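S.K.: Chain residues, written in single-letter form:
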Amino acid sequence: MKTARIFLIGAALALASTAPAAALPATSGMTSARMTYLKARGHLAIQRRLNEIDRLTALVNGATHLTSSNKSALLSKLSSDTSGLQSLDTKIQGDTDGTTLRSDLQSIVTAYRIYVLVAPQVHIVVASDRVAAYVTLGNSIADKIQAKIDAAKAAGKDVKKAQEALDDMKKQLADAASAIAGVDAEVIALTPSGYPGNRSTLLDARSSILTARTHLVNARADAHTAVNALS
Amino acid sequence: MKTGRSARRLAAVAVIGLIAATGCSTSKTAAPPPASQSVSSTPTSSTPAVGQPIDLSGMDRGLSQIDTEVSGANAGLSSTSEGDVQTQ
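Order-wise, the sequence lines are chains A and B.
Read in the numbering used here, the first sequence has 9 at position 9, and its numbers run on one by one without any break.
Read in the numbering used here, the second sequence has 289 at position 58, and its numbers run on one by one without any break.
Certain hints may be false.
As the list claims (entries may be wrong) - Chain B side only, calculated, beta carbon under 7 Å to chain A, not exhaustive: (1) I285; (2) L287; (3) G293; (4) Q296; (5) V301; (6) G303; (7) A304; (8) G307; (9) D315; (10) V316; (11) T318.
Said to hold, decoys possible - Stretch-level coverage of chain A by chain B, calculated; a stretch enters the list once three of its residues show a Cβ under 8 Å from a Cβ in chain B: (12) 42-50; (13) 133-140; (14) 196-206; (15) 219-230.
Rather than coming from a laboratory, the hints here were simulated on the basis of the structure.
Here the structure is a predicted model, which means the values were calculated and not measured.
The C-beta atom is built at its ideal place from N, Cα and C for all residues, glycine as well.
Work out the full structure: start from the sequences and follow the hints.
M.R.: Here you go:
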């Protein structure tokens, strides 16, 4: 099946590049050979996007830290894009005039924006929820460090350095959580029709993730400082 | 001091031998673990166990996972066009 499809596409491409255009009937200013060629190219472009969607779907399914609502929203979007692109492919292969074909080919890009919008959307939402999960983990560890500090203090030890580090760790974790607040919802809401105007939202979201990351790096260093100060 | 330890060790071996010989199980009479000994490696209580070492490896791993996703986003954000679709 796959081999036959590849053969057909190859044959179409070969025909389009070698057949004399003037010998074929024109449809809305486009020869039928040219239409066959463009349809084959369109099919390949759609297949590439479907492969990318498969990769993104696997990423979302494997992201165990994703909130159920974000996971559901992303999978729903990816599934909708898959069926939409498959329908578009069918429509393109059946197009009979050049004007409609051109319009349908353009919509492979404009109606979906798989590479420049959907892929960054998925990665940013996954990253955002990773930051949130990291903050939860960090707060849990901070509680354990606090218990150790309290015990050491009760035993008469000097815990000043450990407590200072822990206090900063908690602040850094809170700042990281603050940096990504609302990022996931903003990014999920973006649509292909808003592109490229909404690209700035993606860029801002990435900046927020990077800001949060800096706080998490500091929190991790604080955790090590506090633990080492207690040992 | 040394003699006392040897005597205790000998007594312990004798008790174990007696249990093995009579087929008795120690499960019913086994003493609970001392307070400082952890029964499970995963604390089930929200109260952290003071005696346990603090594992920071999760914090080390988590950052690289975030980096992976940022790299994935960068690929799409580095350009505004999807130039692989030909319409002419």
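S.K.: Hint numbers the structure violates, sorted upward?
M.R.: none
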